[in-house]
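Colleague: All chains, please: the whole structure from these sequences, using the hints.
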Amino acid sequence: MNVLTLPVLLPLLGGSVLLLVRRSGARRLVASAVSALTLAASLDIALRTLHGEILTAQMAAWAAPFGITLVADGLTGLLLGTSNVLALLTVLFAGSSLRHAPVRGAGSLLNRAREAFGAQALLQFLFMGVNMSFLTGDLFNLFVAFEVMLVASYGLLLLGGELPQLREGFKYVVINLVASSVFVVTAGMVYGLVGSLNMADIAGRIAAHGGDVRVTVLAGLLALVFATKAAVFPLGFWLPNAYPVPPAAVSAFFAAVLTKVGVYALLRSFTLMFPGEHAVALTLFALAGLTMLVGALGAIARRRWRHAMAFANVASIGYLVAGAFMGTRDGMTAALYYLVNSMAVIFVLFLVAALAERVAGPGYRKGGHLGLYPWLGAGYFTAALALTGLPPTSGFIAKYALLRAMLGAGGGLRTAVATAAVVTGLLLLYAAMRVWREFFWGESDAVHHVAIPRFMSGVTVAATVLLLSVAAFAGPLYAACGRISSQLEGNAAYRAAVLVPNAPPREGAH
Amino acid sequence: MELLLPLLAAVLIGAGVYLVLSRALIRLILGVSLISYGVNIAILLAGEGERRDAPPLLQLPGPYNDPLPQALILTAIVISFATTALLLVLALRAYQVTGTDHVQELADRPDPVRPPVVYADPEHPSVSPEIGTAADVEPEGEA
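In order, the protein sequences belong to chains A and B. Residue numbers for the first sequence follow the working numbering, beginning at 1 and rising by one. Residue numbers for the second sequence follow the working numbering, beginning at 1 and rising by one.
Wrong hints could be hidden among the right ones.
Claimed, not checked - If you want the footprint, here are the derived chain B segments under chain A, 3+ residues with CB under 8 Å: (1) 27–36; (2) 65–72; (3) 78–91; (4) 94–101.
None of these hints come from the bench; they were simulated from the model. The C-beta atom is built at its ideal place from N, Cα and C for all residues, glycine as well.
Modeller: Here it is in structure tokens:
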């Protein structure tokens, strides 16, 4: 049993078992245990890969490029580790939040029904799809992983059947189906052009094929698909209304991880398969600047907690793509650190938003909640500082590194995007401080104390500690990001690890 | 044949995109299905570099046809079948809740103040009491 298969197989097993378990207490226990085991396997992979090792597993002993290969390099390890920590926190938070009312004024009945009808099992299938997307080294298998992830996310988004869920869910499903159609036809055309689906093999064959308008078109199509999943402007219009409709824990995981899977796929395609397609990369870089601005402006315009946070997530995607497609190693390093930081920040913000919605309803223009919920205020303040990029948080380190890389590399477009990044930082600061002023500060007679379940606040504290540790361990983490970006720069190591000539059957095959 | 199949794929995808842009949910779903049919034909074409008629069985003389695109199509068909079924159920449910299948009317419908409270599953009697006894009462703190 190769350790690389565990992050895919454990959630699959867990999800299937969860469908059979009838008591909600037992479901909570099973889901938490399975997620903890998946996390252990993922951390094992992460710790080994972050030192530069590349792990591979050839499925059913079919040597690459003929079989499906699972590959874990540093990028995979980093994302796998981070997202599975968040997955465990999501399961724990969902275990508690699905027993209580989603917002103030509503009953707990809806959430209890969601739990009884398989929300925990769907979460496990979602984790399976996410982990498989990170691990697979095969383009068509990546499509399948995306579908597993998306089908689980359809279920989670629609479970409950409220009107906003149906309305936004329909858009979400249709947009993702069209994007998936483009993805699968692109995979087919890549096979038609170079005759392989193994990403490392495709990389070698495209390099041998040389620059060609067909290669550019394929790279553009893949960029279109992944940018839609990652919600890059102008393809991210579906996100800000869709992510606030599912239950709180689910939308926190969606926002923190699912969009980053799109970013991961973009990174993987353009560092491994299409490193020569500078025109497409440049377009993505320019769009990233606009994505930031749109996200920040949307966060200012929205009056409801999770809607505003969803737009803040779009802004963070902009920073991420800008760093990754800047075209320098420093930019990539900064983007990788920003990736970890942004996953933690967005997760904490959504958990805080969930607690705030529980005590005061979905809108944030209420006033006077700081006195009753000082710790909620502290959590929000920490996450808001990290979102806007103020010291002493990890957001400051990440944004400082991004800006320094952009301005250091020079060039008109980089300077323009760097300006957009600074303006976005200020707009986000305004948006974050307005939530602070309108929800936590001030006086209001309408504030009644609603108990926050201890378990929910405990998970939120744990997520905040995670966010702080991204800043506290910035040194080793940033060094690891530097190693990953140098590993990504030349794809030779990845290809050599996957395409071993005359490799004997590996132990992971059985 | 060389021209017919690409033309068919183009027409299917074109018609699908046209239907997806229409305002009735059912036409939209048909459009998504047409797109996936067109995509499947396009993948089939990707495997045909030159004409190779023999199926990939070793007792037959080559040149063999490439079986991989067909495996890809098979996977894509299964996935699009399942998602189309999901979309149909979703459209039906949206119609039941709102009484309209018009995309714009659906989008303009304001969010309800309280969520609907009709949940019971006759096939799983063990589920219903667990939900039913909890009623609408909020437990304070962690049970």
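Colleague: It remains to establish, for every hint, whether it holds in the given structure.
Modeller: Hint-by-hint comparison with the structure:
Note: the stretch 27–36 of chain B has 4 residues with beta-carbon separation from chain A under 8 Å; the three-residue rule is met and the coverage holds. Counting residues of the stretch 65–72 of chain B whose CB lies closer than 8 Å to any CB of chain A gives 3, which reaches the minimum of 3, so the coverage claim holds. For a cut-off of 8 Å, the count of residues in the stretch 78–91 of chain B with a CB near a CB of chain A stands at 8, and the three-residue condition holds. As drawn, the stretch 94–101 of chain B meets chain A at 3 residues by the rule of a beta-carbon pair under 8 Å; at three or more, the given contact holds.
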